[in-house]
Amino acid sequence: DGGITQSPKYLFRKEGQNVTLSCEQNLNHDAMYWYRQDPGQGLRLIYYSQIVNDFQKGDIAEGYSVSREKKESFPLTVTSAQKNPTAFYLCASKDFAGATNNEQFFGPGTRLTVL
Amino acid sequence: KQEVTQIPAALSVPEGENLVLNCSFTDSAIYNLQWFRQDPGKGLTSLLLIQSSQREQTSGRLNASLDKSSGRSTLYIAASQPGDSATYLCAALISSGSARQLTFGSGTQLTVLP
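Chains as they are written, first to last, in my numbering: chain A, 44 to 158; chain B, 6 to 119.
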């Protein structure tokens, strides 16, 4: 059963703590992406990776970090430096970052709440 | 900087109506335009992708059009059903440095009333 999985589905964090969100794909895609979605808004790009061991900042990277040690995994760490981390986080993948005729596939999302 | 706008933010229609969702973008230099569906608390499901060289794409009751010169795309839903109730997002694929990124609109929340 191919696809993108994200865990956990719900995550609660105390202020000042770092948390890591998991994203795994078995689609053999080269490119992976992390987005943040706030209520009533579209998605904003946090980080993306076009290939293993490479990643680039998106539009709102401050307070976040990522790694891409394996093709199938792209974890996102929300650090204590992120001032407003409560949001819905979506991971996506695409077979080739430079392609223009294929789609991004999205995971089910993780809802992070800071207490 | 590319901006993508979707109006209205919310729409309610009775079951069976045909409807049009609108998406506009400020920079016509896009590679493609994608429409997604999002159910509450869920991820995005891709509905249609229109390449910049294409004018429209169809899938079942859905038809998406693209007019790059005017910076507009529409998603037409025929014979709407309560199961079509969801948020519909459009996104334009653009160049960003050495990469290509999606820029999203804020979505239209559709409610189809039985």
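Treat the hints with care, as some may be off.
Simulated pairs of lysine to any residue, SDA-like, Cα-Cα distance not exceeding 25 Å [said to hold, decoys possible]: (1) A:K52 / B:Q59; (2) B:K47 / A:T48; (3) B:K47 / A:E146; (4) B:K73 / A:Q84; (5) B:K6 / A:N144; (6) B:K47 / A:N96; (7) B:K6 / B:Q59; (8) B:K47 / A:D138; (9) A:K114 / A:N69; (10) A:K52 / B:K73; (11) B:K73 / A:Q99; (12) A:K57 / B:K73; (13) A:K114 / A:A104; (14) B:K73 / A:E146.
Computed footprint of chain B on chain A, listed as stretches where at least three residues anywhere in the stretch have a Cβ under 8 Å from a Cβ of chain B [what the hints assert, rightly or not]: (15) 86–93; (16) 145–153.
Please keep in mind that the hints were generated in silico from the structure rather than gathered at the bench.
C-beta atoms are modelled at their ideal positions from N, C-alpha and C, and glycine is treated no differently.
(message) What's the verdict on K52 of chain A and Q59 of chain B, does the C-alpha distance respect the 25 Å limit or exceed it?
(response) violated, 37 Å
(request) Given the hint that K114 of chain A pairs with A104 of chain A, test it: the Cα-Cα distance must not exceed 25 Å. (result) The hint holds at about 21 Å.
(request) Take the C-alpha atoms of K47 of chain B and E146 of chain A, compute the straight-line distance between them, and say whether it is at most 25 Å. (result) holds, 18 Å
(request) For the pair supplied as a hint, K47 of chain B and T48 of chain A, confirm whether the alpha-carbon distance does not exceed 25 Å. (result) holds, 12 Å
(message) Hint check: K57 of chain A vs K73 of chain B, CA-CA at most 25 Å. Holds or violated?
(response) violated, 46 Å
(request) Three residues minimum, CB to CB under 8 Å: does the stretch 145–153 of chain A make the cut for coverage by chain B? Let me know. (result) That given contact holds, which follows from 8 residues of the stretch 145–153 of chain A lying within Cβ reach (below 8 Å) of chain B.
(message) What's the verdict on K114 of chain A and N69 of chain A, does the C-alpha distance respect the 25 Å limit or exceed it?
(response) Distance of about 9 Å is within 25 Å: holds.
(message) Against the 25 Å threshold, does the CA-CA distance of K6 of chain B and N144 of chain A hold or violate the hint?
(response) holds, 22 Å
(message) For a C-alpha distance cap of 25 Å, please report whether K47 of chain B and D138 of chain A respect it.
(response) Holds, at roughly 22 Å.
(request) Would you mind confirming whether the straight-line C-alpha gap from K6 of chain B to Q59 of chain B stays at or under 25 Å? (result) Status holds; Cα separation ~23 Å.
(message) Check whether the Cα positions of K73 of chain B and E146 of chain A lie no farther apart than 25 Å.
(response) Holds. K73 of chain B to E146 of chain A sits at ~19 Å (cutoff 25 Å).
(message) Can you confirm whether the C-alpha distance between K47 of chain B and N96 of chain A stays at or below 25 Å?
(response) violated, 29 Å
Checked against the numbered hints listed earlier, the structure breaks hints 1, 6, 10, 11 and 12; every other hint is satisfied.
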